[in-house]
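**Student:** Sequence:
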Amino acid sequence: MTTTVRVELGERSYDVRIGGGLIDLAGAEMAPLLHRARVFVVTEETVAGLHLAALQAGLQAKGIACEVLILPPGEATKSWSQFTRTVEWLLEQKVERRDMVVAFGGGVIGDLAGFAAAVLRRGVRFVQIPTSLLAQVDSSVGGKTGINSVAGKNLIGAFHQPSLVLADIGRLGTLAPRDFLAGYGEVVKYGLLGSAGFYEWLEVNGPALAAGDDALRKEAVRISVQMKADIVARDETEQGDRALLNLGHTFGHALEAATGYSQRLLHGEGVAIGCALAFETSARLGLVSQETPSRVRAHLHGMGMKTDLADIPGDLPDVDGLLALMAQDKKVVDGQLRFILARDIGAAFVADGVDPGVTRSVLTDALHGRG
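In this text, residue positions in the sequence shown follow this note's numbering: the first is 3, and each later residue adds one.
Since the hints were derived computationally from the structure, they do not count as laboratory data. Any given hint might turn out to be false.
With beta-carbon atoms standing in for the labels, derived distance ranges [stated by the list, open to error]: (1) V206 with R124: 45 to 55 Å; (2) R297 with A210: 14 to 24 Å; (3) A329 with N207: 33 to 43 Å; (4) R99 with A33: 13 to 23 Å; (5) T86 with G371: 23 to 33 Å; (6) D216 with R123: 36 to 46 Å; (7) G371 with D237: 34 to 44 Å; (8) A349 with L93: 22 to 32 Å.
Note that beta-carbon positions come from the ideal geometry of N, C-alpha and C, so glycine has one too.
Whenever a hint applies, use it, and build me the whole structure from the sequences.
**Tutor:** Right, dumping it as structure tokens:
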């Protein structure tokens with residue numbers, strides 16, 4: 003049974019299809035959108051090894067030919083060099099504006115291929131087929147595309163909405179446990195920012211969801227996507243409410259930069275630690291009770307996730323180094339860092355003018371905990 007969430011953006015509205023077997027049915031799902039029976043798939047080595055044959059068979063079943071570019075796996079692929087490689091490959095394939103690029107993989111591939119589609123011929127259509135939990139609940143929905151810079155994460159990019167998203171829940175079982183839990187960091191974020199009821203549901207059902215219950219996984223993806231779709235429909239280009247989706251990201255992006263966008267810290271792990279730090283900051287500002295950050299950490303820890311800076315292997319910069327990385331964040335406005343804080347679980351808000359001394363004390367204590 004497939005569930006559909008509609009992202010309402012006027013003439014650029016599209017469906018997010020959620021269910022099992024959608025990769026096998028990709029041809030049937032995509033055929034109504036195509037002007038010619040040919041698509042251009044951008045993927046990476048790990049995903050290609052696991053799922054490319056199924057996608058090709060699904061396309062072939064509807065007479066759709068596909069050309070495929072296979073990139074290296076990992077966050078480091080979101081770079082100028084791989085972006086250039088992708089754009090030049092698409093041009094070599096003579097991709098036309100009415101053609102369809104298919105982003106087939108996790109968040110890295112979705113962001114990079116979507117950005118390539120956004121700039122190619124000033125905008126080529128694309129379909130997201132996210133294969134990771136993180137991509138299914140977050141990065142494949144909403145039209146944010148881009149690559150990283152040495153100065154920071156996602157600083158180069160564009161808003162470019164997909165024409166369709168196919169979230170195949172059945173393929174999540176092929177993820178390594180660490181990758182699945184990294185995606186769960188984004189799932190938890192939705193509860194923390196906007197739904198105490200969803201967060202409580204996750205506290206009850208999170209362990210079974212992680213253990214492989216497809217029905218629970220589908221429901222978690224559906225709720226997360228619906229929450230994001232509602233926010234994106236209100237604020238597509240992040241002028242207001244959409245900034246709430248950055249809960250945990252101000253700290254998390256700085257930690258990703260500090261670890262070189264490497265396997266030391268996955269994006270969703272950085273978000274989870276960032277959420278814990280955001281609630282700690284909220285507590286020190288008197289916005290939430292002292293027990294609330296402990297509740298957040300307890301759930302993350304109970305799921306076997308990274309929760310503190312002490313959980314990140316290797317050296318980290320000092321407080322000044324981390325603050326400098328945070329200052330490069332896209333959420334800096336008029337030179338001031340904009341935080342997403344909370345008044346309770348499920349009640350996040352955009353906070354300007356946060357006392358720098360509080361941020362420094364939170365990071366100082368977090369780093370001290372590594373000693």
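**Student:** The structure should be examined with respect to each hint, and the outcome stated for every one.
**Tutor:** Now the hints, each set against the structure:
For V206 and R124, the Cβ-Cβ distance of about 48 Å falls inside the hinted range of 45 to 55 Å, so the restraint holds. Here the CB-CB span from R297 to A210 is close to 20 Å, well matched to the stated 14 to 24 Å. Separated by about 38 Å at the C-beta atoms, A329 and N207 satisfy the suggested range of 33 to 43 Å. A hinted range of 13 to 23 Å for the beta carbons of R99 and A33 is consistent with their spacing of about 19 Å.
With their beta carbons about 41 Å apart, T86 and G371 fall outside the hinted range of 23 to 33 Å. Our hint of 36 to 46 Å for D216 and R123 holds, since their Cβ atoms are close to 39 Å apart. Under the hint 34 to 44 Å, the C-beta atoms of G371 and D237, about 36 Å apart, fit the expected range. Evaluation of the 22 to 32 Å hint for A349 and L93 yields a failure: the beta carbon distance comes to about 47 Å.
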